[in-house]
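Student: What follows is the residue order along each chain.
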Amino acid sequence: GDSVTQMEGPVTLSEEAFLTINCTYTATGYPSLFWYVQYPGEGLQLLLKATKADDKGSNKGFEATYRKETTSFHLEKGSVQVSDSAVYFCALRGRDDKIIFGKGTRLHILP
Amino acid sequence: DAGVIQSPRHEVTEMGQEVTLRCKPISGHNSLFWYRQTMMRGLELLIYFNNNVPIDDSGMPEDRFSAKMPNASFSTLKIQPSEPRDSAVYFCASSRPPGYEQYFGPGTRLTVT
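Residue numbers (the working numbering), protein chains in the order written: chain A, 13 to 123; chain B, 488 to 600.
If we strip away everything but chain A, and leave its shape as in the complex, we get (with noise of 0.2 angstroms):
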């Protein structure tokens, strides 16, 4: 079945540091892709998508690019903030229309 597959946290860096956290997806089709940002006490709220190849979904300096060929999405910033400390889960559309997200990716930005 579909499943989305994440690094394993926590990700600690220090402030201005550049960011990557992996992502990868097994799926039949093409799914729409998503990343959800979660902050400490919140509920989780989208942070991008992309809804097809090659599609670059941005929000709030993150990126992250849908890559058909290697099945991934992987989420980037050039320079973190204390503020972009939270839980970052990717996520893709099934075919029954459900949304499978990952485990979740724990960031820890130092001052």
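Please note that the accuracy of each hint is not assured.
[Stated by the list, open to error] Derived SDA-like pairs (lysine to any residue); straight-line CA-CA distance at most 20 angstroms:
id, chain 1, residue 1, chain 2, residue 2
1, A, K61, A, L25
2, A, K68, A, K80
3, B, K511, A, G53
4, A, K72, A, T117
5, A, K115, B, P593
6, A, K61, B, K511
7, A, K64, B, P584
[Claimed, not checked] If you only want the chain B side, here are some residues facing chain A, beta carbon under 7 angstroms, derived:
id, residue
8, T525
9, L530
10, A575
11, E588
12, F591
13, G592
14, P593
15, G594
No lab work stands behind these hints: they were computed from the structure.
We put the CB at the ideal spot given by N, CA and C, even for glycine.
Since chain A is already given, all that's left is putting chain B on it; use the hints.
Tutor: For chain B alone, coordinates are given in the frame of chain A:
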């Protein structure tokens, strides 16, 4: 616009008691999802409704769990009887068609002692 509303935000109860969690989806959204989040198991989809009808309840862990959606603006998740292993944060989310962006509520943190 109001987002997804969940109540209560925190619930502490004793083992064996009935627990009811409530959710009001965003107006105009016709899909509603219940999730459970724990450190050990991550985020799990319990059940989802489309147009008030349960579509997939394969994630409901046991018969102790039940969910209803009597109308487009209200849903409940009930646990009876509750057990300590049910302790988790329960999220409700809604979307327009079920495969589109989901909007999450703030969650209910349930502690069963």
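Student: State for each hint whether it applies.
Tutor: Structure-based check of all given hints:
Taking the CA atoms of A:K61 and A:L25, the gap is about 24 angstroms. The hint is violated against a cut of 20 angstroms. At roughly 12 angstroms between alpha-carbon atoms, A:K68 and A:K80 fall within 20 angstroms of each other, so this suggested pair holds. For the hint linking B:K511 to A:G53, the alpha-carbon distance of about 19 angstroms falls within 20 angstroms, and the restraint holds. This hinted pair checks out: A:K72 and A:T117 have alpha carbons roughly 18 angstroms apart, not beyond 20 angstroms.
Simply put, A:K115 and B:P593 have alpha-carbon atoms about 19 angstroms apart, close enough for the 20 angstroms limit, and the pair holds. Taking the CA atoms of A:K61 and B:K511, the gap is near 25 angstroms; set against the 20 angstroms cutoff, the hint is violated. Note on A:K64 and B:P584: the hinted pairing holds, with a Cα-Cα distance of about 18 angstroms set against a maximum of 20 angstroms. Annotation: B:T525 was flagged as interfacial toward chain A, and the flag is violated, the nearest CB pair being 11 angstroms apart, outside 7 angstroms.
The interface hint given for B:L530 is met, as the beta carbon of that residue sits about 5 angstroms from the closest beta carbon of chain A, less than 7 angstroms. Violation of the interface hint for B:A575 is found here, the shortest Cβ-Cβ separation to chain A being roughly 14 angstroms, above the 7 angstroms cut-off. Taking 7 angstroms as the C-beta cut-off, the interface hint given for B:E588 holds, the closest approach to chain A being about 5 angstroms. The restraint placing B:F591 at the interface with chain A holds, with a minimum CB-CB distance near 3 angstroms, inside the 7 angstroms limit.
With 7 angstroms as the threshold, the beta carbon of B:G592 comes within range of chain A, its nearest partner Cβ sitting at about 5 angstroms, so the hint holds. A hinted interface residue such as B:P593 counts as satisfied when its beta carbon comes closer than 7 angstroms to some beta carbon of chain A; here the least separation is about 5 angstroms, so the hint holds. Because the smallest distance between the Cβ of B:G594 and any Cβ of chain A comes to about 5 angstroms, under 7 angstroms, the interface hint for this residue holds.
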